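Those protein sequence lines, which keep their order, are chains P and G.
Residues 13 to 126 in our numbering are what the first sequence spells out, letter by letter.
Residues 13 to 126 in our numbering are what the second sequence spells out, letter by letter.
Errors might be hidden in some of the hints.
Identical chains share a label here; the pair holds if one copy fits it or two copies do between them.
Taking lysine to aspartate or glutamate pairs in the EDC-like style, the calculated list, with each CA pair at most 16 angstroms apart, reads [claimed, not checked]:
#1 111 to 22
#2 16 to 101
#3 16 to 30
#4 16 to 86
#5 16 to 34
#6 16 to 80
#7 111 to 34
#8 115 to 58
#9 115 to 97
The set of hints was computed from the structure by calculation and includes no laboratory data.
Computed from a predicted structure; not experimentally measured.
Protein chains: 2
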Amino acid sequence: MKRKSFEDMDCPIARSLELVGEWWTPLILRDIVMVGLTRFDDMQDDLGIAPTVLTSRLRHLVDAGLLERRQYNERPPRFEYLPTEAARDFEPVLRALFKWGVKWAGAPRAEAGT
Amino acid sequence: MKRKSFEDMDCPIARSLELVGEWWTPLILRDIVMVGLTRFDDMQDDLGIAPTVLTSRLRHLVDAGLLERRQYNERPPRFEYLPTEAARDFEPVLRALFKWGVKWAGAPRAEAGT
């Protein structure tokens, strides 16, 4: 399911979304940058995400320069993902989303549609 | 393609993404909140988005309480989408994304992967 890429758009918001806008990715960055979970297994436990999806998202973030992959255990091989400066700089976005969510995405809405 | 819902998660970031985290949605909010484009046809021109996708995203934002739909032309019927307070409150998130993008999503990266 290839979606249209925002990579070549003029707007910095669009290009940001190309790097960090996929489903799950902001929550992965939240775990790494705000919660301090860096190990694959810990993130998978926390998010309840399919391992194949987590692998794909992490690889994308490594390629995009937001994470560095490091092996922390030989047998069995286990990896952690450390935030780069680009990822740490993403924290204000997460904080703004958090603040918005507290105000506007609090409880499930009682009424539907308009 | 039903993706896992973040609606019932404890984290306000997750619940925010359920409302505004789909592919295209932040750019639609950018057009409406920051650029002032509110008409369906103008957004479609600006984004180069498939009409069916734009319709789906706008409907979701209306249901979520971020937009109000209003007919501005009878024949042919044409609609515009006005931001509610919830949408206007999303501007700090867009500004934070803009700032991050200027710094970290500037030019296409020369080298690939790591």
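To see whether the hints hold, each was checked on the structure:
no., hint, verdict
1, 111 to 22, "between (28 angstroms within a copy, 14 angstroms between copies)"
2, 16 to 101, "neither (26 angstroms within a copy, 27 angstroms between copies)"
3, 16 to 30, "within (10 angstroms within a copy, 20 angstroms between copies)"
4, 16 to 86, "neither (39 angstroms within a copy, 33 angstroms between copies)"
5, 16 to 34, "both (12 angstroms within a copy, 13 angstroms between copies)"
6, 16 to 80, "neither (27 angstroms within a copy, 27 angstroms between copies)"
7, 111 to 34, "neither (20 angstroms within a copy, 19 angstroms between copies)"
8, 115 to 58, "neither (24 angstroms within a copy, 30 angstroms between copies)"
9, 115 to 97, "between (29 angstroms within a copy, 11 angstroms between copies)"
The structure fails hints 2, 4, 6, 7, 8 (numbered hints given earlier, in ascending order).
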